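Visitor: Work out the full structure, taking the sequences as your base and the hints as a guide.
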Amino acid sequence: MNVTVCFLRPFARLLVPFLFHRKRRVSHSTILQRYMSSKVPSLSCHNKDSTSPPEQLELDGWKTTMKSSIHEDAVSVVSDKDEDSLAATRELIEMWRLLSKDVPEHITEEELKTLVECTSKSAKRKYLKYLYLKEKAKEAKQIKKAMKAEARKARLVEMPAGGQQDFMFLRLWELRKNSALGWKGVQAMQFGQPLVFDMAYDNYMKPSELQNTVSQLLESEGWNRKSVDPFHIYFCNLKIDSAYHRALVKRYGEKWDKLLITATEKSPIDVFPKDKIIYLTADSPNVMTTFKHDKMYVIGSFVDKNMQTGTSLAKAKRLNLATERLPLDKYLQWDIGNKNLTLDQMIRILLCMKNTGSWEEALKFVPKRKHSGYLEISQHPQDILRKLKKTKTLSSFPKGSLNARTWKK
Amino acid sequence: MTFCLSGFRSFPKLWKTSPYLELGPVTSSVPFFLTVYCVTRNQQRWFSVKPTSPPDSKAMNLLVAKARTLKKRNDSNKQISSDPHYFAAGAAKKRSHVTKNPQDSGHALPPVRSTIQLPTRPLNSKEWDKLKEDFEGKANFEDLVISQMAQSCSCVDVAKSLLAWVAGKNNGIVGYNLLVKYLYLCVSHGQTSEVIDVYEIMKARYKSLESGAYTLLIRGLSHSDRWREALLLLEDMKKVMTPSRKNYDDCIQGALLHQDVTVAWSLYQELVGHSLIPLLDTLKAFFDFGKDIADDHYSSNLLDILLYLRTNQLYPGESFAHSIKAWFESIPGRQWKGQFTTIQKSGQCSGCGRTIESIHLSPEEYEFLKEKIMRNVIDGGDQYKKTTPQELKRFESFVNSRPPFDIVIDGLNVAKMFPKGRESQILLAVVSQLAQQNLRLLVLGRKHMLRPSSQWRKDEMEQVQKQAHCFFADNISQDDPFLLYATLNSGNHCKFITKDLLRDHKACLPDARTQRLFFKWQQGHQLAIVKGFLRSKLTFQHILSYDTVVQTTGDSWHIPYDEDLVQRYSYEVPTKWLCLQRTQAPAPC
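In the order they appear, the protein sequences are chains A and B. Quick note on numbering: the first sequence equals residues 0 to 408 in numbering that gives the first Met the number 0. Quick note on numbering: the second sequence equals residues 0 to 588 in numbering that gives the first Met the number 0.
Some hints could be false.
[Stated by the list, open to error] No more than 27 Å apart at the CA atoms, straight line, and that leaves these computed lysine-lysine pairs for DSSO-like: (1) B:K446 to A:K338; (2) A:K143 to B:K137; (3) A:K100 to B:K137; (4) B:K415 to B:K92; (5) B:K290 to B:K575; (6) A:K112 to B:K415.
[As the list claims (entries may be wrong)] Only part of the chain B face toward chain A is listed, based on derived beta-carbon distances under 8 Å: (7) L162; (8) A166; (9) Y175; (10) L177; (11) I200; (12) R204; (13) K206; (14) S207; (15) G211; (16) Y383; (17) K384; (18) I475; (19) D479.
I should point out that these hints are in silico values taken from the structure, not numbers from a laboratory. Note that the structure is predicted; figures quoted are calculated from it, not measured. Idealized CB from N, CA, C, for every residue including glycine.
Guide: Right, dumping it as structure tokens:
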């Protein structure tokens, strides 16, 4: 057998291109058959004689089959000769998928239009990557959901049919909790300390940043609601039918009108006395030393990915308001990241300051990746002395609450 | 232990505060800083967990001491090697080489990835099977192998055998990703016939391709006889996105290789029309090709390229400069003579003695720049960002009520130049030295300078105010925009002193043209103090009197170019020039 094959091999190699040229109509499978039959023996032959030059390997055979599959493929696609840029973009995405680049599998018409409108190549690539990651996350979530459903089914089967037991409460915890929080919210609306979110930054933000801001606002409101002693939240400068308003209403749904906050189109200076307002901004030259319970703190609801430094400081300067920043440098060994915190981190810090008054407690909400630990107070002796001279409040620096990971000098 | 640790802490400080260390003759400085860097990286973790052991602290002390002596040596050296001027190519690199080096080399390590011993000869399918069995890893085997082949530029035949094996397993079908990487190998090896084969396959199998494959095909085809198909591929690309300048470069090079000048020029026009900046290689190709043809139209196009370089302030590379020289010298009958020279401080070319264009802006440009600075840098759509309207008004009336100044000083920048000295003392020293030369001075500062403190002594500030006009902005206002405006407002003779490169203010300007104007003005008017003045007389970095830009007088060209071995930052200008001149008038016919 082997002998005959070896004998046939040179002929087979000659035959394949020959056959191909002569009979173009020959079907894909026959070519493949012949091609394979020509290839396998050649390899076995090569094994026996490993010193033979590489020319003996069948290297170009695959090209024939690749080219021969013209007909099935080409016929199907050539029919829609649509020179539209949308279609071309869709094809480009398909080809990028074949290269396993970060592009989504499915893309809607709307997304495709957004993509075509992107001005630069990098913008396109970024948008595609965003869609890709979104798709991935969604997929993962669905898989997880399916697994959970299965697990629940299994658990239900295992559970024994319970007999009668005595309970004190019906299981309506969520409902109870919500109504209790609602009560607390109403209390805060009447007697709570105001906390203002200044919404006047919508024209400084891109749509994606605005979406992020709205997410952060939602989360802030949630943290506030769950707190022991909530703030009375004001959304100032919130213009009806602005992008902000629309996004908020869309996210809250019908809950928006029942929310225990005050949303107003007015500016904070119209609502509150000017001398009571403190505008919080990371660019402020003044450091916040204590939380004052008789002041109205204003937080700019502004996600700034564009590094427009000093926007909120300029705003406060224009309105002639007092400004303050958090004492991050005083308490934390700052590593990376900018000092702008997210809105929910801000409100958690402020809530903590309101309820406990301890900076060490409150600054726990600063992301751990941004700093490498708490500073020892004695580390900046001159600094502290200067502060003491100014504020004369020794008690505001409780000693002995040193973090274990403190950086020793 | 505390001493050692404080020594250790001072390392980053040492790097930060001594960016002016010049590149001394001590070649060992680089590895030295490397070791320090490694040590600090390791120690950081170490220190935070437990106290150091004595040997380590000793080593650290040694290193600290060594660093100090090194610094001293560099200090003494820097008097000898002085820069030609503040914005000269490579000057910033010299200024910052200490701060840069450790970071660069520390992070340059490539990420560790699973690697395969790549075969050096074509394998048959059994051998591939075996190799695949031996391979352990999550990645797709074929994909990984061919990626590594592409990286290490393996032989084309080896890759081909891989593809044949894949096709054999997979009904004769080879995936697009493998095909593209194979194409990359073929293109990088210059195997035109293979490129054409792959091109045929791709054309057959796929209706359209993506940018990566198009780019490779264009590059591969432009050298072959079928280079016109590269142009078709370029058209295909344009349907979805603008082709890159490299794509245009390949097409133009292909057209020039096949003597089709018209196509090359129209592609060039298209490229510039997309507001892409052409690769210097593209322009060089035009000059290289121009040597063989004597055509007036072609040469006028080449001169247009030189003017394009001028308007966009591009500088040719060294080899490009050689091409330009060769082309000029090849023009028949004109007798151009080229030489590589430098420009003297007086602004005269060392080669021909002609004076280079002045750095000063024309009156229209000057007015334009002044207005743009006022509107974009100081105002910027929101006056409260950098200052307040009240302060702006106060400043304007201050500037307008006084006659023009000769020198505007950035008080805080000057005062903080020497970390060891008292700030007000340094400022006073600078001001009084300048005042002795009967110059009208303006010192810009912030209000906190007037409040007496350990750094700012009241009597010294009073003396400063006696010798110079002073304007103190609010503590949260920016003083640089005021510096720029006061200088511009005083007129063309006025200079300003700061070490700041003012890049953030340049970035506030709306378009590239204004930014270039600003840079030109900055080169001509910024005085930077040379270090070491406390011990001696006040000296400044040399100011350019001429503009570094491609320029002509009709029968001469002066073209600055980048040397291959000098790394130039965007805010620096080249120092080497190509001087071209006609040795004799065109021969009378």
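Visitor: So, for every hint listed, does it hold in this structure?
Guide: A quick look at each hint next to the structure:
1. B:K446 to A:K338: Roughly 26 Å separates the two Cα atoms, so the pair holds.
2. A:K143 to B:K137: Given pair K143 of chain A, K137 of chain B holds - Cα atoms ~22 Å apart, limit 27 Å.
3. A:K100 to B:K137: Judged against 27 Å, a Cα distance of about 18 Å means the pair holds.
4. B:K415 to B:K92: holds, 22 Å
5. B:K290 to B:K575: holds, 24 Å
6. A:K112 to B:K415: Judged against 27 Å, a Cα distance of about 54 Å means the pair is violated.
7. L162: For L162 of chain B, the interface hint holds, since the closest Cβ of chain A sits about 6 Å away, which is under 8 Å.
8. A166: Status holds, d = 3 Å.
9. Y175: Since the shortest Cβ distance to chain A is 4 Å, the answer is holds.
10. L177: Where the cut-off is 8 Å and the nearest Cβ of chain A is about 10 Å from L177 of chain B, the hint is violated.
11. I200: holds, 5 Å
12. R204: Holds: closest Cβ of chain A sits about 6 Å from R204 of chain B, inside 8 Å.
13. K206: Where the cut-off is 8 Å and the nearest Cβ of chain A is about 4 Å from K206 of chain B, the hint holds.
14. S207: Holds. Min distance 5 Å.
15. G211: holds, 7 Å
16. Y383: holds, 4 Å
17. K384: K384 of chain B check passes; min Cβ-Cβ to chain A is 4 Å, inside 8 Å.
18. I475: This hint holds: I475 of chain B lies near chain A, its Cβ roughly 5 Å from the closest one there, short of 8 Å.
19. D479: violated, 14 Å
When the structure is compared with the earlier hints, violations turn up for hints 6, 10 and 19 and for no others.
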